[in-house]
Amino acid sequence: MAQQTAHEAAHHEHHHEELGFWRKYVFSTDHKVIGIQYGITGLIFLFFGFTLMMLMRWQLAFPGQALPGIGGLFQKIFGDKMVLPDVNGHPGVMTSELYNSFGAMHGTIMVFLGIVPTAFAAFGNYVVPLQIGAPDMTFPKINMASYWSFFLGGVVMLASFFCPGGAAKSGWTSYSPLANITDQVPEFVAAHPVLGLIFNGQSMWILGMVFLITSSLLGSVNFITTIIQLRAPGMTWMRLPFFVWAQLVTSFLLLLAFPPLEAASIFQLMDRVAGTSFFLPSGLIVNGAQIHISGGGSPLLWQHLFWFLAHPEVYVLILPGIGIIGEVVANNTRKPLWGYKAMVFAIFVLGFLSFIVWAHHMYLTGMGAAVSAFFQTTTIMISVPSVILLTALILSLWGGSIRFTTPMCFATAFLPMFGIGGLTGIPLAFNALDLYLHDTYYVIAHFHYIVAPGTIFAIFAGVYHWFPKATGRMMNQFLGRLHFWASFLFINGIFLPMFLQGMLGMHRRWYDGGASYDISKAIVWGLSGFDWNKVISISAWGLGLAQLPFIFNFFSSIWYGKAVGRNPWDATTLEWLAPSPPPHGNFDHAPEVHRGPYEYSVPGAAQDFIPQSEPTSPTAPAAPALAH
Amino acid sequence: MEIPYTLTARPDTGLYNAKIGIWLFLASEVMLFGGLFSGYVFMRLGSEPGYWPHGLLNVPVGTMNTFILIASSVTVVLAWASLKMRQFTQYKIFMAMTILCGAIFLIVKLTYEYPQKFQHFGVYIKKDALVKYEDYLGNNYLKAKNLSPRVEITGHLHNKEALTDPNVKEYEIALDEVNAEPTNPQSDRPHFWPKPVTEKIATIEKSDVQYASVFAPRHSSYFAIYFTITGLHGLHVLGGVLVFIYFMLPVSTRLYRQNPEHLANRVEVAGLFWHFVDLVWIFVFPLFYLL
Chain U
2 MAQQTAHEAA HHEHHHEELG FWRKYVFSTD HKVIGIQYGI TGLIFLFFGF
52 TLMMLMRWQL AFPGQALPGI GGLFQKIFGD KMVLPDVNGH PGVMTSELYN
102 SFGAMHGTIM VFLGIVPTAF AAFGNYVVPL QIGAPDMTFP KINMASYWSF
152 FLGGVVMLAS FFCPGGAAKS GWTSYSPLAN ITDQVPEFVA AHPVLGLIFN
202 GQSMWILGMV FLITSSLLGS VNFITTIIQL RAPGMTWMRL PFFVWAQLVT
252 SFLLLLAFPP LEAASIFQLM DRVAGTSFFL PSGLIVNGAQ IHISGGGSPL
302 LWQHLFWFLA HPEVYVLILP GIGIIGEVVA NNTRKPLWGY KAMVFAIFVL
352 GFLSFIVWAH HMYLTGMGAA VSAFFQTTTI MISVPSVILL TALILSLWGG
402 SIRFTTPMCF ATAFLPMFGI GGLTGIPLAF NALDLYLHDT YYVIAHFHYI
452 VAPGTIFAIF AGVYHWFPKA TGRMMNQFLG RLHFWASFLF INGIFLPMFL
502 QGMLGMHRRW YDGGASYDIS KAIVWGLSGF DWNKVISISA WGLGLAQLPF
552 IFNFFSSIWY GKAVGRNPWD ATTLEWLAPS PPPHGNFDHA PEVHRGPYEY
602 SVPGAAQDFI PQSEPTSPTA PAAPALAH
Chain D
4 MEIPYTLTAR PDTGLYNAKI GIWLFLASEV MLFGGLFSGY VFMRLGSEPG
54 YWPHGLLNVP VGTMNTFILI ASSVTVVLAW ASLKMRQFTQ YKIFMAMTIL
104 CGAIFLIVKL TYEYPQKFQH FGVYIKKDAL VKYEDYLGNN YLKAKNLSPR
154 VEITGHLHNK EALTDPNVKE YEIALDEVNA EPTNPQSDRP HFWPKPVTEK
204 IATIEKSDVQ YASVFAPRHS SYFAIYFTIT GLHGLHVLGG VLVFIYFMLP
254 VSTRLYRQNP EHLANRVEVA GLFWHFVDLV WIFVFPLFYL L
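Just so you know, the sequences run in chain order U and D. Everything in the first sequence is counted per the working numbering, starting at 2 for the first residue and increasing by one. Everything in the second sequence is counted per the working numbering, starting at 4 for the first residue and increasing by one.
It is worth saying that the hints were derived from the structure and are not from the lab. Treat the hints with care, as some may be off.
To be verified - Cut-off 20 Å, straight-line C-alpha distance, at most; resulting in silico cross-link-like pairs (EDC-like, lysine to aspartate or glutamate):
| hint | chain 1 | residue 1 | chain 2 | residue 2 |
| --- | --- | --- | --- | --- |
| 1 | D | Lys22 | D | Glu32 |
| 2 | U | Lys142 | D | Glu202 |
| 3 | D | Lys120 | D | Glu32 |
| 4 | U | Lys25 | D | Glu5 |
What the hints assert, rightly or not - To give an idea of the interface, some chain D residues facing chain U are shown, with a C-beta separation under 10 Å as derived from the structure:
| hint | residue |
| --- | --- |
| 5 | Met4 |
| 6 | Tyr8 |
| 7 | Ile25 |
| 8 | Leu27 |
| 9 | Phe28 |
| 10 | Met34 |
| 11 | Leu35 |
| 12 | Leu39 |
| 13 | Glu51 |
| 14 | Thr206 |
| 15 | Ser210 |
| 16 | Gln213 |
| 17 | Tyr225 |
| 18 | Thr231 |
| 19 | Ser255 |
| 20 | His265 |
Quick reminder that beta carbons are idealized off the backbone N, C-alpha and C, glycines included.
If we strip away everything but chain D, and leave its shape as in the complex, we get:
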């Protein structure tokens, strides 16, 4: 039994089966990420003034990752075109470049961006104690300049035992520049190039803290939605990379020898998925890094 139109297009629709299948799948993916981004909108609109952080992500690294993904979208098309021209060696080169780009993206995320967040620490100050930490928050200065207030003090936690030991009554935090010099006009806007943590250490009493956490999903609405969306996007990248690796294995070489058009179709369909993953990142990048 042969199923028709697995390789060639049906005349009246002009498409082969898998191409319709992948477009439908992508429609479903649009709804999935649509749901996730609607979560972003709800979280952001629901946050009180000062509670939605800006400038906590590394913009240059994010920009680099953006260009890496865009480059991989180009190379996957070139790989497909090479197959169509029956240039198998060239196909392998472009496919390897695609895989490399995807892998670099993931490595940067997993070994640099995420771990950096987990080392960072933030404490939200209770509303009635904000005045007490005016030296680190600079709210009078911000009010005079008509900017949103600061309610959080961030940096690296100096006394890690404060997280577990109930007898330790305060957090000692090596401050980020924004809290070290809160009235410096350079900190009015988020920095494009991230600044390292200063050596100035602030002592914050636990009784003044509303909520404290490392920059993990539980830290705030912002990091919750950041880790959820980038995590799922990362899983999509991983899925794409695994499929592309499959296209480099001997099974795919054999398929090419028997039926090159079949492999070309597979690469085209996987490439469509890859472009979608790229497109999602085009939304993720400005929403989390820039806005």
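The shape of chain U in the complex, shown without the other chains:
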């Protein structure tokens, strides 16, 4: 810190107005503070969403048995209606309603409150302006509004757990007509006609989503404008670090894909509050009686609008991750990214195609063979740019003298596991196979391999990689290794068996792990009574424990980590030119860019990396002005 203040004193040409605590750390307009706010909130939500799943895994592995140790507390939090006693009278068995709401909220929280804020917003906010040599984002106040809108969305989602009837239970996809008619507690609605319609799980879910959509709109406008307008002199498009490209395409996906879900959310809210029938067909029977509605709506409309967002959303989840991995791989292999231009073009094709594949989630709806054939074709097409990206990253390892730093450990593990996730998706692209695999654990395993060992490992790689920039201190390497190996082991213990369960036909929404289904005995217990559910659950709890070294490492390194200078990784991109941590305004002088992003191991160069800001012929310093 002393070092940094000295720098500030030495270099600041304009005087610095000292901001109070609130403006500096809470309602800050500095992109780095907002990035850190996003990061910490996002990581907390990731752990919270994972905790929901760890509780659900108890119910799957040991159905009907009370949670050990925390059962009483659990019942106090969620109430007697949601948590029941077991046969021996010990409290702590979750009801199917609670299980369903945990499932829906796990998905919602992980996707919209965990991964997007962390991978996209946190790293994007912190790193993008630094990498392009900008002093801040173009619209700092809008940036702050984006974070606080996200935060409010999170609060609304969490509050929905404590509404009468509990949180949303219709899955993270909130399919209508189920999601239109659930969660309203009749007594509560009768007592408070207006509040009763709004303060219930599904309505709160919709309101929370509206905040989150607003947040991502504000964020993505900001990112795109920043990348277009605030690139430093000399930072031409093909000199942008790959991470910036990934963020640019992701921003476009968020900008254009989210509004249709907003439209759908408004429709669903109208259905729930104003009594319309956007998603309710004529003659709908609920609980044995025809419900009193005008009818004439279309349940498929919800699915179309939802997946029009939610398929590009999948790429929103993975592209920033690939961007982070690109940075980490180039830096730690000490060579340029293999096929940088091909990767840039691939990411654009991927972004475009992601808008026309959405209905491959809907093969089972009976939307027709012609429509299915179209979406089957585009889905197979989109695997081409995805494979280009992964191949380029793998080939980047070729012939490199790899430094296995902690971020590189996560990056190397990312490549094969993202590969597994991607390749297991190809069977799902085919209509005929999907009819069988739809809603089984195979699907769960497939997309979790993309987002959990994929994106979340990329997030960890990013945290370890940029931590020294944000704090001026390194994270502990031993704890990092411990975190990595334990996570790697357990995460595969969770998701590999799921492929097997899924292919044998286990359904993703079975509340008791299949215990009440005769058909499932062979699936779950399989040969010789070996219970995959228990293996998966124990691995999940192991994965939870494996995060403890990370949490400890994260906080202790802020104060006790090894202090480092500006460029501890010997990296080339502009963020390493700024002081660690960078002050408000980022750079000592406005940087200029003279070369591409990954000039590692250039033959004949004095060292094995040449920063982007280095003038092209370092031996002859920039020629003095000739004109007099």
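Assemble the complex: chain U is given as a structure, and chain D must be docked to it using the hints.
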């Protein structure tokens, strides 16, 4: 710390920051209204014959509102041009006219168009009871002329207690002209000038009614999507008006004194948004009022 290109254009892109920002925002808005209009398409294609109403909205009033919005789009450009020419008084006049247009649009919607709908009442007759109300529906006549059937009887509800009291077994409705004289050839097509409710009262048994409601969002797919889209459009108009009012406040006058180009940029960006809101109405008007 200064952020570059807040006021002046970046040479290689030719744009200042906010202008890119607003165009991106509008792209997102296009997707939002695209989603809403796709809802319209689904609702309309999914409705059975006779269930998508025509001629329930007041076309002359809608036309007037359309021209008011178009006029406001012109005045906001004139306001911006006045700022560029540094004629502040003229700017204020044009800006005030813009605000006035937006306000008239909203007032007409909220105090005339919407309340008129809430007073109107419609009952959908069950399929097997349609014959019973042939006098009000005229389906034989329509079939002979190869027109879509009528399944709904509309007008003003005479006995309001029928809505709440389960002991009242029928609705008494002062009929719209189309149901009062269903075989009148003048009612084959929707009227351009809306006709007042007649004095003829029909009695409809509740047991023959499939669904009954005032013209609120819950009435039908048509009114659901009508109120949703025009409501959101109205919120956009309100947002635009509030921003324009901000441009008339003393803070903006101060900004003009310090940096007139900054205020001009703000008006330009808000004006782009305003044109978009106008454009959405250009789609809304024919889709709901005319088609």
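So, going through the hints one by one against the coordinates:
Annotation: proposed proximity of lysine 22 of chain D to glutamate 32 of chain D holds, straight-line Cα distance about 15 Å (limit 20 Å). Taking the CA atoms of lysine 142 of chain U and glutamate 202 of chain D, the gap is about 60 Å. The hint is violated against a cut of 20 Å. Using a Cα cut-off of 20 Å, the hinted pair lysine 120 of chain D and glutamate 32 of chain D is violated, with the two alpha carbons roughly 28 Å apart. Using a Cα cut-off of 20 Å, the hinted pair lysine 25 of chain U and glutamate 5 of chain D holds, with the two alpha carbons roughly 17 Å apart.
With 10 Å as the threshold, the beta carbon of methionine 4 of chain D comes within range of chain U, its nearest partner Cβ sitting at about 4 Å, so the hint holds. The beta carbon of tyrosine 8 of chain D is positioned within 10 Å of a beta carbon in chain U (closest approach about 5 Å), and the interface hint is therefore held. Annotation: interface hint on isoleucine 25 of chain D holds; nearest CB of chain U at approximately 9 Å, less than 10 Å. Below 10 Å, beta-carbon pairs count as interface contacts, and leucine 27 of chain D has one with chain U at about 5 Å; its hint therefore holds.
Because the closest C-beta pair between phenylalanine 28 of chain D and chain U is about 6 Å apart, less than 10 Å, the hint holds. Contact between methionine 34 of chain D and chain U, as hinted, is supported at the beta carbon level, the nearest pair being about 4 Å apart and thus within 10 Å. Taking 10 Å as the C-beta contact cut-off toward chain U, the hint placing leucine 35 of chain D at the interface holds, the least distance being around 4 Å. Residue-level restraint check for leucine 39 of chain D holds (minimum Cβ-Cβ distance to chain U is 5 Å; threshold 10 Å).
Of the supplied interface hints, the one on glutamate 51 of chain D holds, with its beta-carbon coming within about 7 Å of a beta-carbon of chain U, less than 10 Å. Taking 10 Å as the C-beta contact cut-off toward chain U, the hint placing threonine 206 of chain D at the interface is violated, the least distance being around 22 Å. Taken as an interface hint, serine 210 of chain D does not check out: its beta carbon lies about 14 Å from the nearest beta carbon of chain U, beyond 10 Å. Against a cut-off of 10 Å between C-beta atoms, the interface hint on glutamine 213 of chain D holds, since the closest Cβ of chain U lies about 9 Å away.
Checking tyrosine 225 of chain D against chain U by beta carbon gives a least distance of about 9 Å; that is within 10 Å, so the hint holds. Contact between threonine 231 of chain D and chain U, as hinted, is supported at the beta carbon level, the nearest pair being about 6 Å apart and thus within 10 Å. Because the smallest distance between the Cβ of serine 255 of chain D and any Cβ of chain U comes to about 17 Å, over 10 Å, the interface hint for this residue is violated. With a least beta-carbon distance of about 15 Å to chain U, the hint placing histidine 265 of chain D at the interface is violated under the 10 Å criterion.
In this structure, the earlier hints numbered 2, 3, 14, 15, 19 and 20 are contradicted, and the remaining ones agree with it.
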